[in-house]
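Here is what each chain is made of, one letter per residue.
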Amino acid sequence: MSAALETHGLCKSFGALTVANAIDLRLERGARHALIGPNGAGKTTFVNLVTGVLAPSAGRILLEGADVTALPQAQRVKRGLTRTFQLNTLFRGLSVLENVCLAVRERLGLAGDMHRPAGSRRSVLDAAYAALERLGIADEAPRLVRELPYGRQRLVELAVALGLEPKVLLLDEPAAGVPSAESGIIVEVIESLPAEIALLIIEHDMDLVFRLARRITVLVQGAVLVEGTPQEIAADPRVREVYLGETARR
Amino acid sequence: MRATAGRDAAPLAVEAMARGHRLRAWELAPWLIAVLAYFVFPSYLALGSQILISILFALSIDLILGYAGIVTLGQSAFFGAGAYTAGLLAAHGWGEPLTALGAAALVAAALGFLSGAVILRTKGLSLLMLTLVIAAMLQEAANKAGGITGGADGLQGMEVWPVLGLFPFDLYDRTAYLYSLAVLFLAWLAARRLVHSPFGRSLTGIRENEARMHAIGSPVFRRRLAIYTIAAALAGIAGALLAETTQFVALDVLGFERSGSALIMLIIGGVGRLYGPFIGVPLYMIAQDRFAQADPVYWDFWIGLLIIIVVIFARRGLLGLAEQLLQKARRKP
Amino acid sequence: MNAALSAAISIGFHGLAYAMVLYLISVGLSVTMGLMGFANLAHGVFAAAGGFVMTRLMNGYDVPFPLAVAAAFVAVAAGSVVIERLLYRRLYGADELSQVLMSVGLIFISVAAAKYLWGPLAQPMTPPAYLSGQIELGARSFPAYRSFLIVAGAVVVTLLWLGLERTRFGARIRAAVDNRRMAQSVGINTNRLFTWTFALGSGLAALGGALGADILAIDPGYALEHLVYFLIVVSVGGLGSIRGPFFAALLLGIADTGCKYLLPEFGAFFIYALTLALLLWRPQGLFGRA
Chain A
606 MSAALETHGL CKSFGALTVA NAIDLRLERG ARHALIGPNG AGKTTFVNLV
656 TGVLAPSAGR ILLEGADVTA LPQAQRVKRG LTRTFQLNTL FRGLSVLENV
706 CLAVRERLGL AGDMHRPAGS RRSVLDAAYA ALERLGIADE APRLVRELPY
756 GRQRLVELAV ALGLEPKVLL LDEPAAGVPS AESGIIVEVI ESLPAEIALL
806 IIEHDMDLVF RLARRITVLV QGAVLVEGTP QEIAADPRVR EVYLGETARR
Chain B
123 MRATAGRDAA PLAVEAMARG HRLRAWELAP WLIAVLAYFV FPSYLALGSQ
173 ILISILFALS IDLILGYAGI VTLGQSAFFG AGAYTAGLLA AHGWGEPLTA
223 LGAAALVAAA LGFLSGAVIL RTKGLSLLML TLVIAAMLQE AANKAGGITG
273 GADGLQGMEV WPVLGLFPFD LYDRTAYLYS LAVLFLAWLA ARRLVHSPFG
323 RSLTGIRENE ARMHAIGSPV FRRRLAIYTI AAALAGIAGA LLAETTQFVA
373 LDVLGFERSG SALIMLIIGG VGRLYGPFIG VPLYMIAQDR FAQADPVYWD
423 FWIGLLIIIV VIFARRGLLG LAEQLLQKAR RKP
Chain C
41 MNAALSAAIS IGFHGLAYAM VLYLISVGLS VTMGLMGFAN LAHGVFAAAG
91 GFVMTRLMNG YDVPFPLAVA AAFVAVAAGS VVIERLLYRR LYGADELSQV
141 LMSVGLIFIS VAAAKYLWGP LAQPMTPPAY LSGQIELGAR SFPAYRSFLI
191 VAGAVVVTLL WLGLERTRFG ARIRAAVDNR RMAQSVGINT NRLFTWTFAL
241 GSGLAALGGA LGADILAIDP GYALEHLVYF LIVVSVGGLG SIRGPFFAAL
291 LLGIADTGCK YLLPEFGAFF IYALTLALLL WRPQGLFGRA
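So the protein sequences, as listed, match chains A, B and C.
Per this note's numbering, residue 606 is the first one in the first sequence, and the count goes up by one each step.
Per this note's numbering, residue 123 is the first one in the second sequence, and the count goes up by one each step.
Per this note's numbering, residue 41 is the first one in the third sequence, and the count goes up by one each step.
These aren't lab readings, by the way, just hints derived from the structure by calculation.
Errors might be hidden in some of the hints.
[What the hints assert, rightly or not] Distance condition first, Cα-Cα at most 27 Å in a straight line; then the derived DSS-like pairs of lysine-lysine:
hint: 1; chain 1: B; residue 1: K245; chain 2: C; residue 2: K300
hint: 2; chain 1: A; residue 1: K683; chain 2: A; residue 2: K772
hint: 3; chain 1: A; residue 1: K683; chain 2: B; residue 2: K245
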């Protein structure tokens, strides 16, 4: 049974600057995997490489066993690879509902339709609305995204990803910028994701990481330092030195 | 839509979205006005036809500019291609207007597809530049191929047959006006449908945040190419209408002036709102008809000044201003 | 001397002169478009203004040629600062359409103003006596003014390139073009830098327009007529590059002269086709950053 997502020797350099150095990562179906590391370690770059925003200098990316290294971003999404962005990347001038509807329509293959009115497909509206309900922001459906506070927009970001019903979901700091009132919802939603989804989450919030992850990869300066279970990582002296620092000695 | 608290508000939002495309009463206003104008201003039907044709042209630009966010200064390439197609057909023995419209649409669409496939891979200033280059190329070709196109003297000898065999083009431009009105109406229906469709919504997404569109699996390039081709076809139809109603094609159908003034008319009315052209074009062209004959230099000067003022202070055009006023009115308790 | 070689030399010579003019006018546009990302289609207005200032001073007030050219440079550079402060600055963050329309509006205004002030015809330009006629070079004679144009152009280009490499101002421009945010964070006042760069670019355009009045006639529609060519030089050269447009101008100048001479029935068609092909192969231009 092939893994949901694999990278083999993934490298990326900009001239003399290497931002990804032979990264090997394996995400099984149903994985709950966290990617941690100090700022600038290359975590978001890794996500950009995997999703196709950046072309790698070397290495391969396999999605459910198929080599997608040469595929453009949109096609990887069609195969079930979805990500959220570290900074909200939404359609700010459109309503919350419309934001999710756009994603749902792409998933259902209805987005190319030039005849039928967009609102006439109840299935789309209902699916989008359901995603909003799961995140507790159904009330905000008619509001424009730019009118929402940043934290609530983050929930919309997650709703859009859910609207795509991904097989592999990459969350880039989902709780970043979210006040504690709302971050509880995010944790609940992540915990209640279908078990078959392979989840990779980049986070700085260690409580979140240790609560959600079953495996952790530590990335430092573009290279994998170590990978293991949360207990192994917490106990690893190299990780403490590089990253956990004071927090771990408490 | 105003946000109201409570769980009932959101299903209402869903309902509103489901009905968003339904025709509203005020949308029929421009058509009523156009029909009235036919009866009230019988001596201005030549200008009237020109206005209708320019609305169609501006509409074609709005589809790619206001909806897909592609800034182009070369739409006149497709307008001119359509004009010369219809013109050449009529000058060489085939004066049937409706089939010529169809041919013009096809030629312009093909041109749009080919040029789009090539230039839509770029963005921003490069893309803008390339739209200019393509239009310049065509204009130069038409200029040099004077034997075919009539060059700077224009295409002579067009003979356009009656519309549907029943309505000949008359000296008072009655047929021209109603014909243009009918074509514009059909084009508008199609554009309206497109804009409210999932495809149209995805174009808005591309304009709002292209990165996001890629990230939800949208084939962005294909969508942009599709709308570019469709808009080219509409521009071609507008060009053919011009050729048929005036029975003449001059080189300026391919010129920068045409693309530039269409952009100006669009921004005066408001970009990306489907009805911007219906407001901006008549205002501009009626004003131009009144003032530019007297002193074209003054006209250029004041229009230049007006655009700068509009761009700095009223970027969203008259429709944008109207929306702002409506929102303010709604907020009053 | 055989006809083909003679034709080649002629094309090369006139093409080079044309290239100098194109470069002087377009280099400022390349830097401002690269520096501020501003879609400025009105750059030709400054070139035309330079031409008008020079020809009016010479024809109307008998000002000697060198003084008239210098006056054109200074007057237009100063005027451009005013326009930059008044108009361009308001739209730096704005969307592309706004910038395009603003520059189109500026073109309209300038065309109308020029027609109003000086009529619709091109301003005659007669070079001073010491630059007229022909000069002998070996077996051939070349027009003196065009020769002067080539030499003067080369001098200005050399001064420009040296200035950019050797002075702090030049270093700051290069830094800001390369990475504006980084430049700001090391203390470069990019707003002021931009105003000075804009003034220099506009002044150079005025210089090019004035000196090149022999090749590109100074008529009110100047900014529109030559817009596409200026944009071609800049985009083929690479936005923000200073050397790139030089080679693009060479290519364009010689190719255009050659095409007009050898294939007049096609005119500029091949130039456009060549531009299209080049930009598709390298969208960032010959020297632009990918």
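Okay, the hints, checked on the actual structure:
As the CA atoms of K245 (chain B) and K300 (chain C) are separated by approximately 31 Å, the hinted pair breaks the 27 Å bound. Note on K683 (chain A) and K772 (chain A): the hinted pairing holds, with a Cα-Cα distance of about 10 Å set against a maximum of 27 Å. Taking the CA atoms of K683 (chain A) and K245 (chain B), the gap is near 24 Å; set against the 27 Å cutoff, the hint holds.
Of the numbered hints stated above, the single one contradicted by the structure is hint 1.
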